[in-house]
Amino acid sequence: MQFLINHLAAFQFAVVFYCTLVVGTIQKLVRVAGTPAEQTLANLLHSYGFLLLLLPAAWQIWARISEHRSRIEAAKEKPVVAFGLIILGILVCLAIFGTVSALSVRHTGMHSPD
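Read in this note's numbering, the sequence shown has 337 at position 109, and its numbers run on one by one without any break.
None of these hints come from the bench; they were simulated from the model.
A few of these clues could be false.
[Stated by the list, open to error] Cβ pair distances, simulated, as ranges: (1) Ile289 x Leu257: 34 to 44 Å; (2) Leu257 x Arg297: 19 to 29 Å; (3) Ser294 x Val258: 15 to 25 Å; (4) Gly317 x Phe231: 35 to 45 Å; (5) Val328 x Arg292: 32 to 42 Å; (6) Phe325 x Leu257: 16 to 26 Å; (7) Ile324 x His235: 18 to 28 Å; (8) Val258 x Ala286: 30 to 40 Å.
Just so it is clear, CB atoms sit at the ideal spot from N, CA and C, and this is done for glycine as well.
Model the full assembly from the supplied sequences, consistent with the hints where possible.
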C-alpha cells in the first residue's frame, strides 16, 4: 500500500504543478501583449494554484496515519485509495479546464473597423 500511496501522491503533486506552472505559461504565451488579464480559471490556477498542494499533502498525511493504524485490517485501505483517486480526478479536471481556459483568448480591446 505504501507504494500505491507514494505514486498516487506523486501524480497528484505533478497535476498541481501542471495547473500552476504550465497553465500559467500557456496563458501568457497565448494572450495578446497589451491586453489586460481577465479573471479566468487559468488566472486563478496560476495565481493561487499553490494552495492546491494542500489537498495531496492532507490526503497523504491521512493515508499514512490510516496505514499506520490499520496494518492488521486491510479493509480500511480501500477508502483511502478511493479518496486519493477522487482527489486525483478532481485535480485532472481542474488541469483540463484550466488548459482550455488558458487557450481561449478573448479580445476585449477596442479595435478600429479598418
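Confirm or reject the claim that Val328 and Arg292 have a C-beta distance inside 32 to 42 Å.
Given range 32 to 42 Å: holds, Cβ gap about 34 Å.
Against the range 34 to 44 Å, how does the distance between the Cβ atoms of Ile289 and Leu257 compare: consistent or not?
Given range 34 to 44 Å: holds, Cβ gap about 36 Å.
Regarding Ser294 and Val258, is the given constraint of 15 to 25 Å on their beta-carbon distance met?
Violated, at about 42 Å.
Falls inside 35 to 45 Å, the C-beta gap from Gly317 to Phe231?
20 Å, violated
Look at the Cβ atoms of Val258 and Ala286 and judge whether their distance stays inside 30 to 40 Å.
Given range 30 to 40 Å: holds, Cβ gap about 33 Å.
Leu257 and Arg297, beta-carbon distance inside 19 to 29 Å?
The hint (19 to 29 Å, Cβ to Cβ) is violated, given that Leu257 and Arg297 are roughly 47 Å apart.
Beta-carbon spacing of Phe325 to Leu257 - inside the hinted bounds 16 to 26 Å or not:
Hint holds: Cβ distance 18 Å, inside 16 to 26 Å.
When you take the CB atoms of Ile324 and His235, is the distance between them in 18 to 28 Å?
Check passed, 21 Å falls within 18 to 28 Å.
Comparing the model with each numbered hint stated earlier shows that hints 2, 3 and 4 do not hold.
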